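Q: In case you want the letters, here they are:
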Amino acid sequence: MSAPAGVLRVLSLAVLGVGAALLGGVYAVAVLDRVVGRAIARVPLRLIDAAVTPAREAGLLLLQRRTVTERPDAVVWALAPALLGSLAAAALVAIPLSPALALPDIRSGIVYFGAAMAMVMVAVYVHGWSANSVFPLIGAYRFVAQALSYEMPLALVLIAAALPAESLSVSDIVRSQTGAWNVVRQPLGLPLYLIAGLGLAFWGPLDFPDAADLAGGTRAELSGAPLLLWRAARSAVLVAVAAMGAAAFLGGWLGPWLPGAVWMVLKTIALLVVLLTAGHLVARVRLERFVVVAWTVLIPLALVDIFVSGLLALRGAGR
Amino acid sequence: MAGSRRATLRNALARFAAGAPTRVFVLEGIDAPDALDVLQLRPDITFVDTPRSATVLLVAGRLPEAMHEPARRAHDAMAEPRATIWWTLAPDDGAMLPFPDATVVPAQPNGSPAAIVTLARMLARTQAELLCAARPSEPALLADVDPAPWRGVGPYGQGGAGMTGGVPYGRPLAGRAPDRDGLELDQLPVRVGPFFAPFPAGLVLDITLQGDVVQEAIVPGNAFVASGGDGSPVRVTGDAFHAALSEPVRIADLERARARHHLRWLARMLRVHGLDALGHRTLALAASLADSLPRGALGDVGALRRLLERTRGLGWATAGVGVIDPRLVTGRGLGPVARAAGLSEDARIDDAAYDQLGFAPVVQEGAGERTRHAVGDARARWRQRLGEAMQSLELAARAGDRRTGGEGRPIEGVRGRSSDVTRDSPSAMLLALLPDLLLGQEWGDAVTTIVSLDIDVREAGRAPGAAPLSPPPAPQPSGGMDGMAGMAGMAAKGDHTEHDHATGQM
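Sequences listed follow chains H and U, in order.
Start counting the first sequence at 1; every next residue gets the next number (my numbering).
Start counting the second sequence at 1; every next residue gets the next number (my numbering).
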């Protein structure tokens, strides 16, 4: 096989694989969120309804015409949902489903993931800003304050997870957990990661930019396909958060009996259920309070996590 | 050929999508039927929080004149295909509806379950017909023109002498003022309401925002009060509490109505904080109290309370927000708000019938040994109302046939003392507290505060001296102070008062 053909094959596989993971993940979020929500609301739900209704809703939005505000930044407004979705896709690329299905096994995968996720701030900010409307703009302002607060703990706990592996590759991080998963070795890591992850996906208690008190915030002026795309993109970010959490803290594909990829999917779904349940049980916290807690509690705890993990890794290496 | 295949595909998609829950945006009028709650509980209906993505505009009750213009803007903000349904107790009063094409659905005062099913089917059919193009989408009601020509004052149309402030192109631009940290930052004037989903129905506020901090809040009158005339709006049909002012009423009915009201309020509070599922559960509990007292109601409310307290989710969002000084509300008969601030004020204390039941008011205690929480904040208010709902259910269960009211003595209503609807209006007093309370709050806290007070704008409109809604303040066409051009440009993006923009008017 000639080199260009090989590259092409890998590329098309990567696009197909990531596309399938994205679509499946986004739909899974819609279905799971419905199931969890109905369970908490104590409303019986037929499984077929849970499975089909999100598709019907998507169809409805596809048939709805888009609307415009007065003098929006039209290009940016149209592209912001696509940017958010692409960032989620880019982040998913770094996460291996199994040793065989690590499409491009990026050597600095964890840094790459962090870089893609840092850009989420840009997507959300310009999305709110470009609508040229008050509540989307306030949502955009809020997200900047929020992003500055969750990004530090997110980056720190991921670096801590990389320390025992002595590698920034996500596959190596998974392999390093053969003896004990990081959730056991670094008990602070996963909780901090999930809190920061809720902030990254602006979901549930940390949904500041698209909050109910802003009548939807950055998406308040959206209808039709752009609304569908924005909601899907936001779910995709949550999927990326859960998948990385499964790889970095729950041992990724490691597990008995089942194929590795199945373990990875199950662990991702488990984390999604945790995140979605938090979204239904914990009210949106106060932004000011979140910023204070992030800087006085979460970041110091993340630093403790990284120092202790570093110390343990050094002792392990010295032995 | 390709065209017809496309049409077939589109039709198939439309038929499939027609089974989706109907996306409804509600405009609440003067006599919005109570049964809106029951409608909201149905799985085939989704209440959306902006008109943008709604397919059906549901006008519930009659809209007073001050709401006609905002209602038309909300209508035009909806994406096509769209339709309007008017659900009203008085279908002959066409003067109270600004929509010529609306389908009229008569409502019953005590919405029967069958009537709600009929309405829900009507909504679903409307959405299905719109999607399948069996029903034409309603045209815009307002001309899609710029509200002011894109020509301003000054050499660059910037509106004034400097780069900020002024009214360039007829659009108010943010001025600059020191913020809470002493920095010079942009201030944005916005009118919010009367259809802003998180607010109580009909509430309108003129707000000056700096970032998301409220620097000024003004209540520019009451949208339910008719301009001209005697200023009194249409009377709302009486509930149990109104009835008790003129005739004896069963305590069991009164207390059940009180518990239902508090639960409906809690559902609203939960939804505003993003807890839709818990809000749904609470609303279902409230709806179950509509006609009789179900056996397990007290246990269900108790379970909900334990869940809310154990998860702490709502507590984190409300602790320390919107603190009301007890001295401000002493002796004014503000019911749950006063009791949440630690005041033992309740018209039921002096009622012999309640005395026989061994009634003692639920009151939030001050910062005790065990809690660090302040009394009189939004957290105290939801705990207070939840506590009162449980107490009411317990009283209702053992009140038997005891009656109260009809002796000219004040009645403890759901929002406080009511002796004569034209004299005592807790909502009017709470509305008057808003400007001072909201000052300096972040927007999210401001909304929490507003919802936590449980203001009924209709009730406030019945108070003597309630003024009709005044037009939005005209921006001052003077130049602002000089500022950094970059910041000014950013501020301009946030400005809008035009009909193209839905949310500012909602």
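FYI, nobody ran anything at the bench for these hints, they're computed from the structure.
Remember, predicted model here, so these are calculated numbers, not experimental data.
C-beta: ideal position from N, C-alpha, C; glycine also.
Please note that the accuracy of each hint is not assured.
[Said to hold, decoys possible] Facing chain U, a subset of chain H residues (Cβ under 8 Å, in silico):
| hint | residue |
| --- | --- |
| 1 | G37 |
| 2 | S98 |
| 3 | I138 |
| 4 | P205 |
| 5 | G224 |
Q: I'd like to know which numbered hints this structure contradicts. Please list them from smallest to largest.
A: 2
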